[in-house]
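Quick note, the sequences are listed as chains A and B, same order.
Mapping the first sequence onto the working numbering, position 257 (from 1) lands on 269, and the numbers just tick up by one.
Mapping the second sequence onto the working numbering, position 1 (from 1) lands on 6, and the numbers just tick up by one.
A portion of the hints provided could be inaccurate.
Distance condition first, Cα-Cα at most 30 Å in a straight line; then the derived DSSO-like pairs of lysine-lysine [claimed, not checked]:
#	chain 1	residue 1	chain 2	residue 2
1	B	Lys-491	B	Lys-291
2	B	Lys-92	A	Lys-139
3	B	Lys-15	A	Lys-139
4	B	Lys-15	B	Lys-92
5	A	Lys-183	A	Lys-139
Hint data in this document are derived by calculation from the structure and do not stem from the laboratory.
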Amino acid sequence: MSNPISTHNLSKNFRRTEAVNALNLEVPEGSIYALIGPNGAGKTTTIKLLMNILRATAGSAEVLGVDSRRLSTPEFARIGYVSENQEMPEWMTVDYFLSYLRPFYPTWDDALAEDLVRQFELPRDRKLRHLSRGMRMKAALASSLAYRPELVVLDEPFTGLDALVRDEFTKSLLERAERTTILISSHDLAEIESFASHVGYIEEGHLRFTEEMGALADRFRQVELTFDAAPPLPAEWPAAWVRPETSAAVVRFIDSRFDLERTSADIQRMFPEVRSVAFHAMSLREIFVALAVAGRHAKAA
Amino acid sequence: MRQAIHIFRKDVRHCWPYIAGVIAATAAHAWQASSEASNPSGTVDMSGALLALLMVLAWWLAIGAAVHGESLVGDRQFWTTRPYSWKSLLAAKLLFVAAFLMLPLLISDYTILRASGFNPLGPIPGLLWRQGWFLAFLILPFVAAALTRATRELVLAGLVFYVVAFAVLASLSIPTVGIGITRLGRPSRIWDFAPWMMPVAGFALIVWQYARRRTFLVRAFSIALGGLAPVVIAMSLGRMASSVPFAGEDDPRYRNITVQLAAGSGQANPVKVDSQTKGWVSIPLKFSGWPRDLANCLVSGVDTTAPGAAHARTWASGVAVRFRSSTTNGGCESIGLSIDDPEALTSKNVDLWVSIYLRLYQRQATVDIQPERGWTRVPELGTVRWLEDAHLNGPYLIWRTALKPGTPGWTYSLSDGKSELVTDAEWPGAGVAWPASPAWFAISPVYSYVASGLTVVHASVAHAPIPRPLVLTTKRLVATLPRELKIPNVRLTGDETR
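So that you can see chain A by itself, here it is in the shape it has in the complex (with noise of 0.2 Å):
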């Protein structure tokens, strides 16, 4: 079976400014993939045109295996999807948006439903335009998950979440979505980091990788060697060695394809004069922070 999303070349141009160049993103069935980046980075654009909230100017995109911009009732019946900016109907309470969504969707669980409101405890009879920020996400992640659906797209839903809401988001979340496919993106890395299987960092548009996280993290390391006196920095730096730094006579970088003999190897070729090697497994934050500052130094020269 293909893949729950798949997107070919996809590219979102608004006039002049390139938000998503010819990107190629693929969610595995069952995984939880993190869609990281800066800023601007195309994230959200991304999300929009998956949901054929925006058209594509180029390329295409599949989710649940239909064309994307053909994207209709059957196949929003089976995909969940909560955006930290999304124009709610203020005026409902949280039982009359329930109960009013409740006749669009076959598979509707109201066991699940009324479960999701008691874990959330949201308050039933207040309508939304009244309720905190984090409630109405968790009403808006309610009423997507009350229907047990193939596909949950959540487009920074933690952004202004306190750390309680986030982590009970969270937990909910894994809880109820057990064997549905996630896509999510956010800048809450930690959080990320705790429950994701996928990551993928996307950056001016571009999707720079995309990978399992435990192969992120086993690729990414902070490595420090410590000489006995200042050393020469040589004049060919690998091009997976980012964020170069020299203290003294410590100099630290980070190792964007690590792999231990390799690495190792490179260190004695090029710093012969090394007296001690660490290696740091770091985490998403870290790696993410590296290759941000990595790209804009990289955008500057």
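Fit chain B to the given chain A structure using the hints.
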């Protein structure tokens, strides 16, 4: 359909203040119009105009509220990623319009028609046509709502459209009917359908926007269509006004009607110039081939041509020439010309062309009017009421037509049994040939006309008791014919000249 009804129920719950506003404004309008029908004053009622304005505003706001419930503009609406069917969504909005805008107006129409003396269930096709026109009228706010996000944008769009449309219509020159000329018949079938072009195109844009949500493109087309609307309206009105003036020319019954100069009693030249008024010329005419069933004729236009100039038939020479017709049963007997600038024509002998625009009428119906009974139905015209206690100085007639304006081509006479109080007054007055639709659209289903024979009524019966019943006779225009007469070598000076 189930989803459409589900969305409709949500809209009812959400838009109830707007629904209440529409129903209140419509009820107030029905009450006001019914009251006015029961006790007509013949004067312009400002409260009626204000209520009409309120109704239009209520319609705009209600449609805006319903459509904006699932806004079609933008990329953040919750519903766009829910399993909505665009057909169900559009159907829900149309259902809303039918239930809370069209149905109240239909009930209001029933009430007003009944109060105005019409059988409200009689003109059912007309009522349905009127609903169709009303829906067409609502296409504009519907399009505007489908292309805006909020009420203030919608109201702004409406204001801009009306101001621009008014400005364009005001700046366009719409041809008008010549003085005294009634256009019989319609210019072309296409003008029956022309008024529908805009709403049909507007509805197509609505469908496109609901199906594809291509706001930018649909806005561009809507602006183009909006700009075109006043032009099409102006062209339609112009076409109506300048419609083909003749009908019945080929009818064998009228083909033999001829006109010639009636020979005076032994005079060589029967064309006479009044020595006192100087400018008045009397031309005795004699008609032949007159069908027996014709009631009478009216001569409605004359042209004179300067010597040597090309002759043009305009029948609108009201500035240079005034005309007076003498009508009696059986036809036209003479015609008089009043020349404004006689000096131009009196210095030498001239050729005089008389182009005659003949209107032939047949008697249709005779009805008794009993003022104390209120409205009297007049076949094919509408209802009429005789009023004596109005603010105007004396009694007068007020006419009403149902569902569409009165179509020109009628005259009526009013008699008290002894003498005529009104003689061959045009009904409903000067106007245009409307498209052949069974209904037209205005806020009220009833159109009122104060009798054009008012001055005659005043002169005859002001402040005098009128014998009852009054007898009203209607005559229908059956043909309009051109006839021409050349009177060569006339010298328009002196009491009698040739």
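Outcome of the hint check:
1. B/Lys-491 / B/Lys-291: At roughly 14 Å apart (the allowed maximum being 30 Å), B/Lys-291 and B/Lys-491 satisfy the hint.
2. B/Lys-92 / A/Lys-139: OK: B/Lys-92 and A/Lys-139 at ~28 Å, within 30 Å.
3. B/Lys-15 / A/Lys-139: Given that 30 Å is the threshold and the Cα spacing comes to 15 Å, the pair holds.
4. B/Lys-15 / B/Lys-92: With a Cα-Cα distance of about 16 Å, the restraint between B/Lys-15 and B/Lys-92 holds, given a limit of 30 Å.
5. A/Lys-183 / A/Lys-139: Holds: A/Lys-183 and A/Lys-139 sit about 25 Å apart, inside 30 Å.
No hint from the list above goes unmet by this structure.
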